[in-house]
Amino acid sequence: GAGVSQSPSNKVTEKGKDVELRCDPISGHTALYWYRQRLGQGLEFLIYFQGNSAPDKSGLPSDRFSAERTGESVSTLTIQRTQQEDSAVYLCASSPPGGGREQFFGPGTRLTVL
Amino acid sequence: GENVEQHPSTLSVQEGDSAVIKCTYSDSASNYFPWYKQELGKRPQLIIDIRSNVGEKKDQRIAVTLNKTAKHFSLHITETQPEDSAVYFCAASKSNTGKLIFGQGTTLQVKP
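In order, the protein sequences belong to chains A and B. Going from the first sequence to the working numbering is simple: count from 1 and add 35. Going from the second sequence to the working numbering is simple: count from 1 and add 46.
Quick caveat, the hints were computed from the structure, so don't treat them as lab data. A portion of the hints provided could be inaccurate.
[As the list claims (entries may be wrong)] 30 Å max Cα-Cα, derived DSS-like pairs, lysine-lysine:
| id | chain 1 | residue 1 | chain 2 | residue 2 |
| --- | --- | --- | --- | --- |
| 1 | B | K68 | B | K83 |
| 2 | B | K104 | B | K88 |
| 3 | B | K83 | B | K114 |
| 4 | A | K92 | B | K88 |
| 5 | B | K83 | B | K117 |
| 6 | B | K88 | B | K140 |
| 7 | A | K92 | A | K50 |
| 8 | B | K140 | A | K92 |
| 9 | B | K104 | B | K83 |
| 10 | B | K114 | B | K104 |
| 11 | B | K117 | B | K104 |
| 12 | B | K140 | B | K103 |
| 13 | B | K68 | B | K140 |
| 14 | A | K52 | B | K103 |
| 15 | B | K68 | B | K104 |
| 16 | B | K114 | B | K103 |
| 17 | B | K114 | A | K92 |
| 18 | B | K83 | A | K92 |
| 19 | B | K88 | A | K46 |
| 20 | B | K114 | B | K157 |
| 21 | B | K157 | B | K83 |
| 22 | B | K68 | A | K92 |
| 23 | A | K92 | B | K104 |
| 24 | A | K46 | A | K92 |
| 25 | B | K104 | B | K140 |
| 26 | B | K88 | B | K103 |
| 27 | B | K88 | A | K50 |
| 28 | A | K46 | B | K103 |
| 29 | B | K103 | B | K68 |
| 30 | B | K117 | B | K140 |
[Stated by the list, open to error] Which residues of chain A face chain B? A partial, calculated answer using Cβ under 8 Å:
| id | residue |
| --- | --- |
| 31 | A66 |
| 32 | G77 |
| 33 | F100 |
| 34 | L126 |
| 35 | F140 |
| 36 | G141 |
| 37 | P142 |
| 38 | G143 |
Model, not experiment: these values are computed from the prediction. Here a beta-carbon is modelled for each residue, glycine too, at the ideal position from N, C-alpha and C.
Next comes chain A alone, as it looks inside the complex (with noise of 0.2 Å):
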């Protein structure tokens, strides 16, 4: 079956302009994760949602960041007022529900703030 798509792929953008990704998860995952990845290093968790409950926005660096979900579909994370730190991968995982399942990941979006 078709796995997690994101769009865009690639992103640049103009630091101040505001962005956002789109996450598409697998079919029948309730669990939907953002996760940020700078050049050269590890992902970094930055949001989690699970069915109905409320999401898990400890790992959002600012205000700046916000993300969104209906239902069991798709996601949007936007950053407003984007600076150049800003600039990495943006990855979204989705897993069926219950803790300890294997999250599978999109392609990710590349965003660069210039």
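Starting from the known structure of chain A, arrange chain B on it as the hints suggest.
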């Protein structure tokens, strides 16, 4: 919060040799420990995982060991091949939350 340390940051081995990557975690409540392989420009992919009720797990040339008392776990790759060259990430999470806390990654180079 949870912190995961991974060593070494780079590892170079000859084809056929073994490679070992080690991770330590800080939160004793963590109970799920996956390992991901990320090839250049690709998405991370799960290669093996272990839960806290198990001390060791093996899948062909790959094995993972877990020491809950010491809060560390290791990835062992035997008979390495050039296609094993990639960045490997360890991670930890708790079953009541799915979020993974990742180590900083190990770049493995297998020389033919």
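Checked hints:
no.	hint	result
1	K68/B - K83/B	holds (14 Å)
2	K104/B - K88/B	holds (25 Å)
3	K83/B - K114/B	holds (23 Å)
4	K92/A - K88/B	holds (26 Å)
5	K83/B - K117/B	holds (22 Å)
6	K88/B - K140/B	holds (26 Å)
7	K92/A - K50/A	holds (24 Å)
8	K140/B - K92/A	holds (16 Å)
9	K104/B - K83/B	holds (16 Å)
10	K114/B - K104/B	holds (18 Å)
11	K117/B - K104/B	holds (19 Å)
12	K140/B - K103/B	holds (19 Å)
13	K68/B - K140/B	holds (19 Å)
14	K52/A - K103/B	violated (47 Å)
15	K68/B - K104/B	holds (16 Å)
16	K114/B - K103/B	holds (14 Å)
17	K114/B - K92/A	holds (28 Å)
18	K83/B - K92/A	holds (26 Å)
19	K88/B - K46/A	holds (17 Å)
20	K114/B - K157/B	violated (33 Å)
21	K157/B - K83/B	holds (18 Å)
22	K68/B - K92/A	holds (29 Å)
23	K92/A - K104/B	violated (35 Å)
24	K46/A - K92/A	holds (23 Å)
25	K104/B - K140/B	holds (22 Å)
26	K88/B - K103/B	holds (26 Å)
27	K88/B - K50/A	holds (27 Å)
28	K46/A - K103/B	violated (40 Å)
29	K103/B - K68/B	holds (15 Å)
30	K117/B - K140/B	holds (14 Å)
31	A66	holds (5 Å)
32	G77	holds (4 Å)
33	F100	violated (15 Å)
34	L126	holds (7 Å)
35	F140	holds (4 Å)
36	G141	holds (6 Å)
37	P142	holds (5 Å)
38	G143	holds (6 Å)
Hint violations for this structure: numbers 14, 20, 23, 28 and 33, all remaining hints satisfied.
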